[in-house]
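Visitor: Line by line, the protein sequences are chains A and B.
Position one of the first sequence corresponds to residue 1 (this note's numbering), numbered consecutively onward.
Position one of the second sequence corresponds to residue 354 (this note's numbering), numbered consecutively onward.
In case anyone wonders, no lab produced these hints; they're calculated from the structure.
Note that the structure is a prediction, hence the values are computed from the model and not measured.
It cannot be assumed that every hint is accurate.
[Claimed, not checked] Derived pair list, reagent style DSBU-like, types lysine-lysine, alpha-carbon separation capped at 30 angstroms:
1) A/Lys133 x A/Lys232
2) B/Lys653 x A/Lys232
3) B/Lys442 x A/Lys3
4) B/Lys653 x A/Lys133
5) B/Lys656 x A/Lys232
6) A/Lys133 x B/Lys656
7) B/Lys652 x A/Lys285
8) B/Lys581 x A/Lys164
9) B/Lys442 x A/Lys344
10) A/Lys133 x B/Lys652
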Amino acid sequence: MKKNNLIFNMATTALAIVISMMIAFAIIFLVSEDPARAIESFLLGPLQSKRLIGSIFTTAIPIAFTGIAVSIMFQASMFNMGAEGSFFLGALAAAGAATSFNLPGILGIIIPILVGGLTGAIICSIPAFLKIKWGANELVSSLMLNYVTFYLGLYILNNFIRDKNFGALASHPLAQNNKLPRIVQGTSLHAGIYVVILLIVLSYLLIFKTSIGMKIRMLGQNPEFARYSGIKVGGVVIFSQLIGGMIAGIGGSVEIMGMYGRFQWTSLPGYGWDGIILAILARNKPQFVPLAALFLSYLRVGASAMASNAEVPKELITVIQSIMIMLVTANALLKSFKQKMVVKEALTNGTNS
Amino acid sequence: MEQIVSIIFSADFIFSVIRLSTPILFATMAVLISDRAGVTNIAVEGTMLFAALMGVIGSAYGGNVWTGLLVAVLSGILFSGIIAFFHLKLETDIVLTGIALNLMASGLTIFILYLLTGDKGVSTGLNSKTVPNIHIPVLRSIPVLGEMLSGHSVLTYLAFVVIAIITVFLKKTRLGTYIRAAGENAEAIDTAGISVKVVRLKALLISGAIAGLGGAFMSMSYVSMFTKDMVAGRGFIALAAEAMGHGNPILSTLSALFFGAADALSNNLQLFNFPSELTRLMPYALTIIALTFYAARAKKQLKK
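Let the sequences and hints guide you as you build the complete structure.
Guide: In structure tokens form, the structure reads like this:
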């Protein structure tokens with residue numbers, strides 16, 4: 001039965017991808033004057049050059065961070081949207097730590113990442129704490145919290161770490177030893193990929209190989225049962241949201257230190273929402289997040305190529321990925337197929353015994 | 354401090370509270386009607402954004418503001434039709450579908466705007482119309498009250514009409530009763546031979562229509578154009594307002610007005626050299642505090 005569920009989920013995901021890609025092509029045919037060229041650059045554009053192949057990976061890094069973060073938070077049955085705020089403020093805190101203290105050598109990388117992770121952890125644990133202690137709806141409070149962290153971040157940026165000699169609103173520049181080194185020449189791929197791989201492995205081990213991970217999964221599958229079996233629900237929930245927020249915060253730090261010379265986001269970058277998309281595609285399993293992240297970033301790099309070659313706005317991909325995740329979560333999409341499978345299994349089991 | 358107090362008690366301030374509350378009031382009613390049916394419409398945010406753009410387009414191409422309003426309402430209904438199709442027919446999780454539709458609205462509006470105007474940020478290339486403000490004959494000549502309550506957008510008055518209709522509709526009509534039953538005890542009405550799904554579909558479509566009006570207010574009254582992501586969390590604030598009001602139309606309206614007041618206050622505080630980031634932060638922070646406070650009280654009552 002477990003195996004059947006896996007096949008069923010994979011089939012639903014595959015069908016969702018096929019349907020949404022077909023919708024994408026239909027829209028391209030409607031709006032483009034040269035649909036063949038548009039579709040070609042959408043599908044094959046990312047493979048055109050070494051630089052673009054590299055950018056598939058660099059685009060995948062931040063969303064993979066938030067993807068694991070949201071997977072862990074959703075595993076515990078919490079609709080916590082705080083990854084967006086954690087990523088943003090984590091990045092800002094890392095930039096603040098890097099530019100305010102003169103950190104020597106490797107500490108220039110480690111300390112800002114830890115500060116960013118801690119900041120992220122605090123933010124995502126707030127909605128969980130309010131839920132456990134007073135019953136406040138975490139979905140609503142985390143949505144509001146994202147705006148609070150955004151304006152708080154702008155306030156800190158403007159008043160404490162702003163470089164007043166720089167033309168736009170931005171922090172002081174990062175020193176050379178605060179930047180993650182590039183690892184493949186001619187591309188933007190940076191050492192942050194090692195951090196994300198490490199965190200994917202650790203998250204997988206945490207969720208599937210430890211007792212606290214088992215408790216988190218139990219909460220996700222059957223909260224009532226988890227409660228009756230004596231699990232301290234509050235502690236487990238808050239722990240899972242702390243870990244999720246920490247990963248999102250580290251993600252923000254790595255993005256700033258790998259891709260930018262300063263902190264200069266003046267709007268929420270949206271990576272927290274991307275994390276939700278990835279968690280849905282990966283069905284909250286950290287081990288599937290990298291695959292989903294590479295897939296999504298391939299589509300995005302393709303959409304950018306299409307926008308510059310064929311004048312189809314790259315926002316098309318936002319529409320397509322939304323349709324995709326709605327279809328992926330559509331239990332009824334392959335309902336008759338699933339029923340047949342269950343019946344078949346029951347029949348073969350019947351004849352065997 | 355004295356100056357701040359004198360501002361709060363001025364007629365201008367109350368006027369701006371009502372104006373700033375209007376989109377939140379529509380959004381709150383849109384959330385409320387869906388929530389009472391047991392299918393909380395998280396996508397009100399995105400629905401408003403989509404309707405805001407479609408209203409601008411409808412009024413620019415239709416030549417007058419009323420076609421714009423009609424198009425906005427119809428696109429609101431269409432958008433919530435999508436959520437209904439996915440949730441009720443394809444059995445998706447309503448929260449995840451709502452999130453997906455909010456993301457979609459953000460990209461789709463830019464996509465459409467770019468195709469029509471070549472711009473990705475604002476709709477100034479479209480000659481769209483605005484909803485007129487009206488002065489109420491007798492009310493306008495009453496000194497202070499007139500300044501507060503007269504001269505608002507047609508849509509602002511409509512928002513209060515919608516609140517009154519929803520209040521009566523939920524209590525007194527058959528569909529209203531079914532909607533409440535679908536939210537409180539879905540099995541019971543299934544047993545009574547009424548399709549829960551059809552009731553929920555109707556609630557979601559009504560929700561979309563109301564959200565459409567809220568979107569129209571944003572782009573055709575609050576300002577006179579569409580700008581990207583212009584709804585800016587008002588649909589989410591409505592979720593909080595409705596939760597604080599426990600789904601009661603009057604209490605939810607009061608909560609929505611509270612957020613409008615926080616918004617107006619934060620605009621005014623900027624005049625006193627208060628850091629603008631902190632005043633912008635305030636309404637959201639107050640929402641979290643108020644939400645927690647009300648949730649704690651409800652939890653306490655439940656224990657008794």
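Visitor: If a hint holds in the structure, say so; if it doesn't, say that too.
Guide: Status of each hint after checking the structure:
With a CA separation close to 13 angstroms, the supplied pair lysine 133 of chain A and lysine 232 of chain A stays within the 30 angstroms bound. The straight-line distance between the Cα atoms of lysine 653 of chain B and lysine 232 of chain A is roughly 21 angstroms, inside the 30 angstroms bound, and the hint therefore holds. Straight-line distance between C-alpha atoms of lysine 442 of chain B and lysine 3 of chain A comes to about 26 angstroms, which keeps the hinted pair within the 30 angstroms bound. For the given pair, lysine 653 of chain B sits about 11 angstroms from lysine 133 of chain A by alpha-carbon distance, which is consistent with the 30 angstroms threshold.
Among the hinted pairs, lysine 656 of chain B with lysine 232 of chain A is consistent with the structure: their alpha-carbon atoms are about 20 angstroms apart, no more than 30 angstroms. For the hint pairing lysine 133 of chain A with lysine 656 of chain B, the CA-to-CA distance comes to about 14 angstroms; that is within 30 angstroms, so the pair holds. Proximity of lysine 652 of chain B to lysine 285 of chain A is assessed by CA-CA distance (about 33 angstroms); at most 30 angstroms being required, the pair is judged violated. For the proposed pair lysine 581 of chain B and lysine 164 of chain A, the alpha carbon gap of about 29 angstroms is at most 30 angstroms, so the pair holds.
Taking the CA atoms of lysine 442 of chain B and lysine 344 of chain A, the gap is about 25 angstroms. The hint holds against a cut of 30 angstroms. Proposed proximity of lysine 133 of chain A and lysine 652 of chain B is supported: the alpha carbons are some 10 angstroms apart, at most 30 angstroms.
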